[in-house]
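J.: If you want the building blocks of each chain, they are given just below.
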Amino acid sequence: DTEVTQTPKHLVMGMTNKKSLKCEQHMGHRAMYWYKQKAKKPPELMFVYSYEKLSINESVPSRFSPECPNSSLLNLHLHALQPEDSALYLCASSPVFAVTSPLHFGNGTRLTVT
Amino acid sequence: KNQVEQSPQSLIILEGKNCTLQCNYTVSPFSNLRWYKQDTGRGPVSLTIMTFSENTKSNRRYTATLDADTKQSSLHITASQLSDSASYICVVSALNNLFFGTGTRLTVIP
Numbered sequence: 068d069t070e071v072t073q074t075p076k077h078l079v080m081g082m083t084n085k086k087s088l089k090c091e092q093h094m095g096h097r098a099m100y101w102y103k104q105k106a107k108k109p110p111e112l113m114f115v116y117s118y119e120k121l122s123i124n125e126s127v128p129s130r131f132s133p134e135c136p137n138s139s140l141l142n143l144h145l146h147a148l149q150p151e152d153s154a155l156y157l158c159a160s161s162p163v164f165a166v167t168s169p170l171h172f173g174n175g176t177r178l179t180v181t
Numbered sequence: 202k203n204q205v206e207q208s209p210q211s212l213i214i215l216e217g218k219n220c221t222l223q224c225n226y227t228v229s230p231f232s233n234l235r236w237y238k239q240d241t242g243r244g245p246v247s248l249t250i251m252t253f254s255e256n257t258k259s260n261r262r263y264t265a266t267l268d269a270d271t272k273q274s275s276l277h278i279t280a281s282q283l284s285d286s287a288s289y290i291c292v293v294s295a296l297n298n299l300f301f302g303t304g305t306r307l308t309v310i311p
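Residue numbers (the working numbering), protein chains in the order written: chain A, 68 to 181; chain B, 202 to 311.
Because the hints were derived from the structure by calculation, they are not lab data.
Some hints could be false.
Stated by the list, open to error - A few chain B residues that don't get close to chain A, going by computed Cβ distances all over 12 Å:
| # | residue |
| --- | --- |
| 1 | E216 |
| 2 | T257 |
| 3 | R261 |
| 4 | Q273 |
| 5 | S286 |
Said to hold, decoys possible - Taking beta-carbon pairs under 7 Å as the criterion, some of the chain B residues facing chain A (in silico):
| # | residue |
| --- | --- |
| 6 | P245 |
| 7 | I290 |
| 8 | S294 |
Unchecked claim - Only pairs whose alpha carbons sit at most 27 Å apart, straight line, appear in this in silico DSSO-like list of lysine-lysine:
| # | chain 1 | residue 1 | chain 2 | residue 2 |
| --- | --- | --- | --- | --- |
| 9 | B | K238 | A | K107 |
| 10 | B | K272 | A | K108 |
| 11 | B | K202 | A | K105 |
| 12 | A | K108 | B | K238 |
| 13 | A | K105 | B | K238 |
| 14 | B | K202 | A | K108 |
| 15 | A | K105 | A | K76 |
Virtual Cβ for every residue (Gly too), placed ideally from N, Cα, C.
Modelling step: build the complete structure from the supplied sequences, incorporating the hints.
T.: This is how it looks when you write it as structure tokens:
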């Protein structure tokens, strides 16, 4: 079982809904990431938090809003999404934000926007 | 342009057989290369990491190779098992960026 826990596992939402994805890790990692993965494609980086501060925002539309309340938790708030936002959303963590640090991925939230 | 290309896109092999997956990259400056295994509907799991000075590294039935001169890596799977069915993703690091390959989808059949 993965040490990065994501909830919910599946989410179906309409384009006018507001929902949140949650991610939790208790490995003491200080870097946390959101990735988006479409079918048969590699994960695409969305956001990186390092020591609870947003370090990277890969030009993600404002309908995706990340939040890092503390070193163990990472949220992704969703509002006014489009059907093309349907994807697997993966959370990952690493000891620090460095390419030498291995990424530990959660099992993702499968999001469907109707 | 920094790119990571994997081949083949998909592969079907019989249980017990060996297979080799390829990863070619143009990423620079090179930091390290990781192979991840991603089961369907789950997050990727790191199998091995290769740094510039390493040529070969083994992890149970997985053996990764790296040729930093030709910018190629391979992942060899020995005595395949049904549980090896997954996507295998090559990820190359440069500075503070990760470049993901498109993956090889491996299916092991009985």
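J.: Would you mind marking each hint as holding or not holding in the structure?
T.: Quick rundown of the hints versus the structure:
For B/E216, the shortest C-beta to C-beta distance to chain A comes to about 24 Å, beyond the 12 Å cut-off, and the non-interface label holds. For B/T257, the condition that its CB be more than 12 Å from all CB atoms of chain A holds, with the nearest at approximately 19 Å. The beta carbon of B/R261 is kept farther than 12 Å from every beta carbon of chain A, the shortest such distance being approximately 17 Å. The beta carbon of B/Q273 is kept farther than 12 Å from every beta carbon of chain A, the shortest such distance being approximately 18 Å.
For B/S286, the shortest C-beta to C-beta distance to chain A comes to about 15 Å, beyond the 12 Å cut-off, and the non-interface label holds. Below 7 Å, beta-carbon pairs count as interface contacts, and B/P245 has one with chain A at about 5 Å; its hint therefore holds. For the restraint placing B/I290 at the interface with chain A, the shortest Cβ-Cβ distance is roughly 6 Å, inside the 7 Å limit, so the hint holds. Of the supplied interface hints, the one on B/S294 holds, with its beta-carbon coming within about 4 Å of a beta-carbon of chain A, less than 7 Å.
Of the pairs offered as hints, the one joining B/K238 and A/K107 holds, with about 14 Å between alpha carbons and a cut-off of 27 Å not exceeded. At most 27 Å may separate the alpha-carbon atoms for a hinted pair to count; B/K272 and A/K108 meet this at roughly 22 Å. Proposed proximity of B/K202 and A/K105 is supported: the alpha carbons are some 22 Å apart, at most 27 Å. Note on A/K108 and B/K238: the hinted pairing holds, with a Cα-Cα distance of about 14 Å set against a maximum of 27 Å.
The hinted pair formed by A/K105 and B/K238 meets the criterion: a straight-line CA distance of about 16 Å does not exceed 27 Å. A hinted pair counts as satisfied when its Cα atoms are at most 27 Å apart, and B/K202 with A/K108 qualifies at roughly 19 Å. The straight-line distance between the Cα atoms of A/K105 and A/K76 is roughly 16 Å, inside the 27 Å bound, and the hint therefore holds.
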